[in-house]
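Chemist: Line order of the protein sequences matches chains A and B.
Per the working numbering, residue 72 is the first one in the first sequence, and the count goes up by one each step.
Per the working numbering, residue 35 is the first one in the second sequence, and the count goes up by one each step.
It is worth saying that the hints were derived from the structure and are not from the lab.
Treat the hints with caution; some may be incorrect.
To be verified - Stretch by stretch, here's where chain B covers chain A in the computed footprint (C-beta under 8 Å, at least three residues):
#1 122-136
#2 183-189
#3 197-208
#4 529-536
Claimed, not checked - Per label pair, the in silico range of CB-to-CB distance:
#5 A:GLY345 with B:TRP42: 24 to 34 Å
#6 B:ILE65 with A:LEU489: 16 to 26 Å
#7 A:LEU447 with B:VAL59: 46 to 56 Å
#8 A:LEU76 with B:VAL103: 36 to 46 Å
#9 A:PHE472 with B:LEU113: 20 to 30 Å
#10 A:ASP103 with B:ARG62: 36 to 46 Å
#11 A:PRO104 with B:MET102: 27 to 37 Å
#12 B:SER125 with A:ARG370: 28 to 38 Å
Unchecked claim - Coverage of chain A stretches by chain B, computed from C-beta distances (three or more under 8 Å per stretch; other residues unrestricted):
#13 309-317
#14 438-445
Bear in mind that the values here come from a model prediction, so they are computed numbers and not experimental data.
Virtual Cβ for every residue (Gly too), placed ideally from N, Cα, C.
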Amino acid sequence: MPADLMPSSGDLIRILPEMVLTVMGTLLMVLDPLLHKRSSNAFGHLSLVALAAALGATVYAYANEGAAFGGMIVVDGFATFFRALVIVVGILTVLSSCRFLRRQDAETSAYHALLLFSIAGQSMMAASGNLIVVFIALEISSISSYVLTGYLRDDPRSNEAALKYFLLGSFATAFFLYGVALIYGSTGTIDLLAVRAAATGQAGPIAAPLFLGLAAALLFVGLGFKVSAAPFQIWAPDVYQGAPTPVTAFLSTGPKAAAFAVFLRIFMTAFEPGGGGWEPLVWFSALASMTIGNFAALRQSNVKRMLAYSSIAHAGYVLVALTARSAVGASAVMFYLAAYAFMNIGAFAVVGHLSGKGERYQDIEDFGGLGQKQPLTAALFTVFLLSLIGVPLTGGFFGKFYIFKAALESHLVWLTVLGLLNSAVAAYYYLRVLVMMYFREPSQAVNEIEPLAPGLRTALFISAAATLFLGIFPNWVLDFAGQSSTLVK
Amino acid sequence: MAAVPISWFLTLSAVLFVIGAAGFVFRRNIITVFMSIELMLNAVNLSFVTFAYQFKKVDGHLLALFVMVVAAAEAAVGLAIILTVFKRRPSLNIDEVNSMKN
Numbered sequence: 072m073p074a075d076l077m078p079s080s081g082d083l084i085r086i087l088p089e090m091v092l093t094v095m096g097t098l099l100m101v102l103d104p105l106l107h108k109r110s111s112n113a114f115g116h117l118s119l120v121a122l123a124a125a126l127g128a129t130v131y132a133y134a135n136e137g138a139a140f141g142g143m144i145v146v147d148g149f150a151t152f153f154r155a156l157v158i159v160v161g162i163l164t165v166l167s168s169c170r171f172l173r174r175q176d177a178e179t180s181a182y183h184a185l186l187l188f189s190i191a192g193q194s195m196m197a198a199s200g201n202l203i204v205v206f207i208a209l210e211i212s213s214i215s216s217y218v219l220t221g222y223l224r225d226d227p228r229s230n231e232a233a234l235k236y237f238l239l240g241s242f243a244t245a246f247f248l249y250g251v252a253l254i255y256g257s258t259g260t261i262d263l264l265a266v267r268a269a270a271t272g273q274a275g276p277i278a279a280p281l282f283l284g285l286a287a288a289l290l291f292v293g294l295g296f297k298v299s300a301a302p303f304q305i306w307a308p309d310v311y312q313g314a315p316t317p318v319t320a321f322l323s324t325g326p327k328a329a330a331f332a333v334f335l336r337i338f339m340t341a342f343e344p345g346g347g348g349w350e351p352l353v354w355f356s357a358l359a360s361m362t363i364g365n366f367a368a369l370r371q372s373n374v375k376r377m378l379a380y381s382s383i384a385h386a387g388y389v390l391v392a393l394t395a396r397s398a399v400g401a402s403a404v405m406f407y408l409a410a411y412a413f414m415n416i417g418a419f420a421v422v423g424h425l426s427g428k429g430e431r432y433q434d435i436e437d438f439g440g441l442g443q444k445q446p447l448t449a450a451l452f453t454v455f456l457l458s459l460i461g462v463p464l465t466g467g468f469f470g471k472f473y474i475f476k477a478a479l480e481s482h483l484v485w486l487t488v489l490g491l492l493n494s495a496v497a498a499y500y501y502l503r504v505l506v507m508m509y510f511r512e513p514s515q516a517v518n519e520i521e522p523l524a525p526g527l528r529t530a531l532f533i534s535a536a537a538t539l540f541l542g543i544f545p546n547w548v549l550d551f552a553g554q555s556s557t558l559v560k
Numbered sequence: 035m036a037a038v039p040i041s042w043f044l045t046l047s048a049v050l051f052v053i054g055a056a057g058f059v060f061r062r063n064i065i066t067v068f069m070s071i072e073l074m075l076n077a078v079n080l081s082f083v084t085f086a087y088q089f090k091k092v093d094g095h096l097l098a099l100f101v102m103v104v105a106a107a108e109a110a111v112g113l114a115i116i117l118t119v120f121k122r123r124p125s126l127n128i129d130e131v132n133s134m135k136n
């Protein structure tokens, strides 16, 4: 019936954030020839307007929560949390990119448009209730991210990072897709709740139970790549080091948060009945990610590469909470990803600020004397690094606390012990940067450093304020996460 | 006409997928590596279409169409990225793309 195929107004309201982002992204590209000569900041401002509107649309969609398009899209507290998170990540990325792009003489319109498309994809990932929507949203997010990674066309590092990200990202996508095909083959559906019903045997016996187990493994491989969890982390150091720094900040937070949202939704709904089967897999991956990430980060001299390895380790902490397979674990994941987003974007924004034209200065030595030259920047960087270590009064502390609490409640004692030992190792390489900043003579990079641009300063202040807020009043976010972490009503 | 059993199609799909994955890991030419990924995606498409045929449902065919669209978008971006890399290097050997080491 044609009438049934028309989307209702409720359906449209529930995908309003994605519609706003896509329309505005397209508008930026159309406006390129008109605004190009006058001001390159115009596109930054326009995309801030778009993101603010999308944030409003997210809240409006949440006021009309429910399923849309026959269950393809699910707007609930969980989706809203991650939608808001990726949009805020986008706002911080735009704020910290403007000055950076001008310094590298890069075009701005396509950059901001791609950023909006990528965020639209991530926002849709958070709200998808069907595996084909997950796949398409994942690809919208990924394909835009590939281009963003290679955005500085004349920088060989950027080219190389884009190539590696593209090849390994598409490789992972193929695994994800094969998993979807096997789910379709064994249950006859790719709707997550219908798959769950089939897996519990409510809809009669499954045609091929082996396929379902294999599918869970394949989806785990595909999503493991996207969140840079070991043993699928090999691409992350090169990509994060080579990408333009604001893009690195974005990649290590936005797509990662969205991929974890999908991870949670798939494994806590469709595969929740077969939980015992995949738990050892995630257990192993969590431990391997933490260990490989932290121990490799110890040996890095390039700060971006060090933060890339640290990002692998942080994915490991999040996987610890996933291993717990409980609503407490899910809310710990949500809280941690929010805390991680702020502290990591902040840290990368400072690295981008220092790196100078052509991103020459990225070594730990280049941070020497930053505390004397720009005390404010150094102080904000200190907040982010302390939060990454997990010092009390920062978001990172409560993030780790809730994760290990959830793990203990699910009797994962060994994983908790090994995770805590890992966080102790991690403290060393973050502290090395702090020592460099405050107890060394100014380096050449610090002597050439520009004053903080207004946009960048705003981004740093918001990130630092949010990091401290999550560390002092964690309940506000945690309560919301707790309410919305029950994915099966 | 005797129908070909469903399991043959599924086996073919799995074999193609494994050939693609092996090509990705072992081939050294960037374009060949990229083609291996496309082979994997098309292997999955074969699975989708087979299952849809078995269930006598149309949605599996639609999924295959979506996958084709996404693969085309991916190819457009991927070839552009390969081109920018190739502009700076004399060969397309993937082992030579390793400027970032500690």
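Chemist: Determine for every hint whether it applies to the structure shown.
Modeler: The hints, checked one at a time:
As drawn, the region 122-136 of chain A meets chain B at 0 residues by the rule of a beta-carbon pair under 8 Å; below three, the given contact is violated. Counting residues of the region 183-189 of chain A whose C-beta lies closer than 8 Å to any C-beta of chain B gives 0; at least three are required, and the coverage claim is violated. Restraint check on the region 197-208 of chain A versus chain B: 3 residues with Cβ-Cβ distances below 8 Å, three needed, restraint holds. Coverage of the region 529-536 of chain A by chain B is violated in this model, with 0 residues showing a Cβ closer than 8 Å to a Cβ of that chain against a need of three.
The hint said 24 to 34 Å for the Cβ distance between A:GLY345 and B:TRP42, and at roughly 28 Å that hint holds. At roughly 43 Å, the beta carbons of B:ILE65 and A:LEU489 sit outside the given window of 16 to 26 Å. Between A:LEU447 and B:VAL59 the CB atoms are about 48 Å apart, so this pair conforms to the stated range of 46 to 56 Å. A C-beta distance of roughly 19 Å is found between A:LEU76 and B:VAL103, which places it outside the suggested range of 36 to 46 Å.
The supplied range of 20 to 30 Å is broken by A:PHE472 and B:LEU113, whose beta-carbon atoms lie about 47 Å from each other. Distance hint check for A:ASP103 and B:ARG62: the Cβ-Cβ separation is about 38 Å, which falls inside the suggested range of 36 to 46 Å. Between A:PRO104 and B:MET102 the Cβ separation comes to about 32 Å, which falls inside the hinted range of 27 to 37 Å. At roughly 30 Å, the beta carbons of B:SER125 and A:ARG370 sit within the given window of 28 to 38 Å.
Given as covered by chain B, the region 309-317 of chain A passes the check, having 3 residues with a CB less than 8 Å from a CB of that chain where 3 are the minimum. Given a C-beta distance limit of less than 8 Å, the hint that chain B covers the region 438-445 of chain A is violated, as 0 residues qualify and 3 are needed.
Violated hints for the displayed structure, listed by number in ascending order: 1, 2, 4, 6, 8, 9, 14.
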